[in-house]
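Chemist: Protein chains in written order, with the numbering used here: chain S, 5 to 198; chain A, 17 to 138; chain Y, 36 to 311.
These aren't lab readings, by the way, just hints derived from the structure by calculation.
C-beta: ideal position from N, C-alpha, C; glycine also.
Please note that the accuracy of each hint is not assured.
Stated by the list, open to error - Covered stretches of chain A, as calculated for chain S (at least 3 residues, CB under 8 Å):
#1 40-51
#2 114-126
Unchecked claim - Quick list of in silico lysine-lysine cross-link-like pairs, DSS-like style, CA-CA up to 30 Å:
#3 S:128 x A:118
#4 Y:56 x Y:41
#5 Y:204 x Y:257
#6 Y:57 x Y:300
#7 A:118 x S:89
#8 Y:57 x Y:41
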Amino acid sequence: MTGVYGAFVEPLGDCREYLTLVFSPLTVPLSERWRTNSISANFMADYVTHLFPGGQWPLLLSYGLADLHGAVNYIVNELLENAMKFCTPDSTSPVTISLEIYPEQLIFRVENAISPESAERLQKVIDQLLSHSPQELYLQKLEANAIEEHPSSGLGYLTILNDYQARLGWKILPGIPDWRVTTLVQLSHPRGER
Amino acid sequence: MNWWAQELSGVGYRIYGEPEPPRLVFEGSLRLNGMAEYQPLTDWLGQIVAAAPPQMILDVRSLKFLNSSGINVLSRFVIQVRQKGNIHLTVRCNEGIPWQHKSLVNLQRLLPTLELDFYHES
Amino acid sequence: MSPEAKIAELETRIRQLEQEKKDLEILLENTTAHADAITQQLAAKILQHERAERDLQMSESRLQHLLTTIEQEKADLELILETMTAHADTVTDQLQAEALTALRQSEVQFRTLVEANPVALLILHLETGQILYRNPAAIALLGITPDTLARTLRGRDFCHDPEDVNRLKQLYAVQGSVTNYELLVQRADGSTLWALLNWQPFVFQGQNTVLSALWDITERKKQEENLQRQIEELHQTIDQQKRDRQVQEITETEYFQHLQRRVQKLRRSSQRDSEK
Chain S
5 MTGVYGAFVE PLGDCREYLT LVFSPLTVPL SERWRTNSIS ANFMADYVTH
55 LFPGGQWPLL LSYGLADLHG AVNYIVNELL ENAMKFCTPD STSPVTISLE
105 IYPEQLIFRV ENAISPESAE RLQKVIDQLL SHSPQELYLQ KLEANAIEEH
155 PSSGLGYLTI LNDYQARLGW KILPGIPDWR VTTLVQLSHP RGER
Chain A
17 MNWWAQELSG VGYRIYGEPE PPRLVFEGSL RLNGMAEYQP LTDWLGQIVA
67 AAPPQMILDV RSLKFLNSSG INVLSRFVIQ VRQKGNIHLT VRCNEGIPWQ
117 HKSLVNLQRL LPTLELDFYH ES
Chain Y
36 MSPEAKIAEL ETRIRQLEQE KKDLEILLEN TTAHADAITQ QLAAKILQHE
86 RAERDLQMSE SRLQHLLTTI EQEKADLELI LETMTAHADT VTDQLQAEAL
136 TALRQSEVQF RTLVEANPVA LLILHLETGQ ILYRNPAAIA LLGITPDTLA
186 RTLRGRDFCH DPEDVNRLKQ LYAVQGSVTN YELLVQRADG STLWALLNWQ
236 PFVFQGQNTV LSALWDITER KKQEENLQRQ IEELHQTIDQ QKRDRQVQEI
286 TETEYFQHLQ RRVQKLRRSS QRDSEK
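Kindly produce the complete structure, drawing on both the sequences and the hints.
Modeler: Below you can see the structure in the form of structure tokens.
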């Protein structure tokens, strides 16, 4: 019943450094938060890249400032876009995004409520993602999207996997009235040149 | 009306056309909400495909951010160019903007004759 | 001595020898008869012994057969148990899948499916264990009455052994779910029953909760205990038979020894008699 997919990990008990943002639909409807996604994404990217004095962070050293900033900015933006998009419109549950900061990796974790139908659709997307090579799937999806009249993007995860070489995981929990999904992205040292 | 005599702008971004050389210039950050909000750009790109200028440039040197829906829109355009086969497409990119050297390579996979020119910009 | 006196002496001697001979013959006859009797007795005893051993073997093999049969029945029951458990799993999965399908239609339909469910279902608050929801089957299983309904009930109130509460929490923390846990449930009236417990994470009105399912396994437990007892009894019976046979063997040996001694005694005494 509970589904855990891909590279999903529960919060590691030893995380000493993290940043969490919580968006409540009761303050501002989630559908209207689109504009503020760039603020949140930029903020998290700035925060993380300037956190360590003298830049003495192994992950920062291997990426370089611009690349790491760009990666965090893009990933946070995509995750928030997805969460806001697939969240049940009249949900009262908040959207939470956390950045867990480790010397050798960054873990992005987003939690939001979803409708049972969306959960089913998401499960199919996940199945596809996990059973094909990201690059193949990426190009296939781009081609497919080009033909469709109203293509669903669905590209967010693929770009994260393919362009940023991050690992993805999900946990889907059933519930009443809404289910809950936790999406996880693990960003580690860059693996060679593409 | 010529396809280049248009402009699209919103909070944080601007897209405009130029005839010499034929190009589309992107500035700012593009993070529109899904294909619906990108429709004006999609339509514009469709016009360009129809007009079929033999040489075409997409200038993204000032585009600091593009979300996945935006990547989708550009990819769609590239595929249509490939299908028509009568446009030589170049993308002017910025070395200093990280997402570009990560995500624009895929456009080349969709269209092998696509030229990616990386510039050093401040 | 005159020749007539010599002859008289010799005749006396002959008569003596003849008497002795007769005595010896009688003694020999007796001894032989006695030996024969003993041999016969021995033969009879051996026959008896052999018969007893055959009987013992037969009863032992019968016992063995019985043991095999019962062990087979135990294996069959275990298989049925496994199937039941697997079936229960399948039934759980099916029920839960059905429940979730209903969820997709509406909360109302979910409640209908869960309310009508023969399996006891509860929703527990993850941290406090507070029972946020229970279906009629759960109310019946736990013996919750209208007065107990008034109090705030927690899952742990229905665990007979507090150790179970700790064990369950640990299992859940490590595995993220609990499957087929045998729990001694304490009902509201204090009576106990054995149940099989399943725990799954569940989001209830935005809160982290646990969906708990319970099956009454009282009957199954009884059958298990009966079987166990029968097998133990059977083992004891076979052990007893073995012991009896061992004792018998020892007795036989002693008897043989005794007989041997008596024969020797007889031989010695007849030898002495013949030397006189």
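Chemist: Against this structure, judge whether each hint is valid.
Modeler: Going through the hints against the structure:
no., hint, in the structure
1, 40-51, "holds (count 5)"
2, 114-126, "holds (count 8)"
3, S:128 x A:118, "holds (27 Å)"
4, Y:56 x Y:41, "holds (22 Å)"
5, Y:204 x Y:257, "holds (28 Å)"
6, Y:57 x Y:300, "holds (21 Å)"
7, A:118 x S:89, "holds (25 Å)"
8, Y:57 x Y:41, "holds (24 Å)"
In this structure, none of the earlier numbered hints is contradicted; all agree with it.
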